[in-house]
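Protein chains in written order, with my numbering: chain A, 1 to 116; chain B, 1 to 174.
No lab work stands behind these hints: they were computed from the structure. Misleading hints may appear alongside valid ones.
To be verified - Capping the alpha-carbon separation at 20 Å, the derived lysine to aspartate or glutamate pairs in EDC-like fashion look like this:
1) A:K24 / B:D68
2) A:K26 / B:E44
3) A:K5 / A:E48
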Amino acid sequence: MDDQKPIPVEWARRVCNILREGDKNKIAWTLRALQEWQAATLSVFSYEPQDAMADALSLPGVIGVKVNLSEDGETYAFFFTFQKRIFYGKICLRSNQLNIKIISAHIPRHGTKDLS
Amino acid sequence: MKTTDQTIELIDFEVLIPTLDGTGVADRITIQVPVTRDPETGEELLTPEAHEKIEQTQARYMGLLTPDELKALRSRLGLTQRGLGELLQVGEKSYTRWESGRARPSRSINVLLRALRDCKLSIPYLQSLQKPVVDWRVPAERHLGESWQPIVFQFNRTAAADTTGDYVNLTKAA
Chain A
1 MDDQKPIPVE WARRVCNILR EGDKNKIAWT LRALQEWQAA TLSVFSYEPQ DAMADALSLP
61 GVIGVKVNLS EDGETYAFFF TFQKRIFYGK ICLRSNQLNI KIISAHIPRH GTKDLS
Chain B
1 MKTTDQTIEL IDFEVLIPTL DGTGVADRIT IQVPVTRDPE TGEELLTPEA HEKIEQTQAR
61 YMGLLTPDEL KALRSRLGLT QRGLGELLQV GEKSYTRWES GRARPSRSIN VLLRALRDCK
121 LSIPYLQSLQ KPVVDWRVPA ERHLGESWQP IVFQFNRTAA ADTTGDYVNL TKAA
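With the rest of the complex left out, here is chain B (with noise of 0.2 Å):
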């Protein structure tokens, strides 16, 4: 795209906010932008400066978190995009995408990375989401919390390769 040569216009665009559920608009916001003319149609084009204004202009106020932002708060965790991506059960692609830019982290997530900005949310905290939530356990076992060990069984290809018996027999493990 030939900006360089053309001329830069200012422009008034209205950013438009949305309510908390998306619904409707919550405020309109007026900025100006540079734009260019297309010199075949005369029509007014955008500029990758005007795109990054109005996005931004519409992440703030809506409480987003921006690129730069999210990155200081990584490092400060001292974590890996991968990292954050999984403690965020997001996936290292879609973090990525978000402090490169490329993307933004819906409502609800940015409402998490917030929390956890403003220490409200502890990386150990999160890390135990991880675990899986059902404790497939007995009642009996979980009565005996961390006393209860799980039997393992070895499986015994020559009993199993047997086919006369009824039973497979498995050896307990050591």
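Next comes chain A alone, as it looks inside the complex (with noise of 0.2 Å):
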């Protein structure tokens, strides 16, 4: 994929800081995200996700793809490790900069190459 490239270090920075202090009164999951987190994984601890997107947002030029979302935010897919099984994450950083939300936590749809 072009538009696969890396994510910026500001936006992974602070994503990565909001989702290691796991404040659940900044972090928004949606209904659906952690339906498909539950369905991959029968764990509905969310700390466990939160943990590995971290982890993943920590490497330098982790690569991810910016998705054009009408949100209030800046947001972007990437992949990420749990229990050495690949998925697929998508966050909006709100333009506050202070909360985050959770858009996807799936297993990858289009194989582990493509983020689109």
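From the two separate chains plus the hints, produce the assembled complex.
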């Protein structure tokens, strides 16, 4: 995918910090995202995917795709690993830079190369 | 997250209870959880209370001790978070995360915790497991039991500096 490029460091840093802090008041999960995560892993403990996503986003030069949604904020899709399996994640960092919305956390639907 | 000025709806959420080996679904529990709507996309967003309820349901059905139960257990044992973390050989950081609800103990650790809660395990027994398991004494020494004492030698710096001799002289400690 041509659109795949390193995620901006500042976006990754802010999102990573919010994920690691784990404050449920700052992290909104869509119902669908948690249902899909549970279907894939049988777990509903949100800290698990949050920690796994933070680990992926803390890697230097982590690759992602900017997703243009009609959302207040900036959204990126990326891959992350949990229990040796690869997952697709999509997070919107709200424009206030303090809150995030987890839009996706599921098994990749188009393979592990394509982030579209 | 602006949840206070948004309408809260109650919706059904199906919590899957994994089998003991974690490979399948043992049960499905439907609960009602509060959600809000994203003002821009209309998507249903889980509130912090919804997460709490969903996680507690799965934890309860899996038999995992809750953060409150962990606190009560530690208090009854008269231990600090560090103390119980060391006793379980997981460290203070991991234990603190369980008690704060930031993370959950694994199922195997939970078995230990429940045994401890149900007085099936004693603190002295767990403390004994913290000691080295390898008995490095030679069989003859082991045979002597408690009467056996190690011979401690003092390092003689002056003798060691003398490289003319073949061996370093060690002085038996008093």
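A quick look at each hint next to the structure:
1. A:K24 / B:D68: Roughly 18 Å separates the two Cα atoms, so the pair holds.
2. A:K26 / B:E44: 16 Å, holds
3. A:K5 / A:E48: 26 Å, violated
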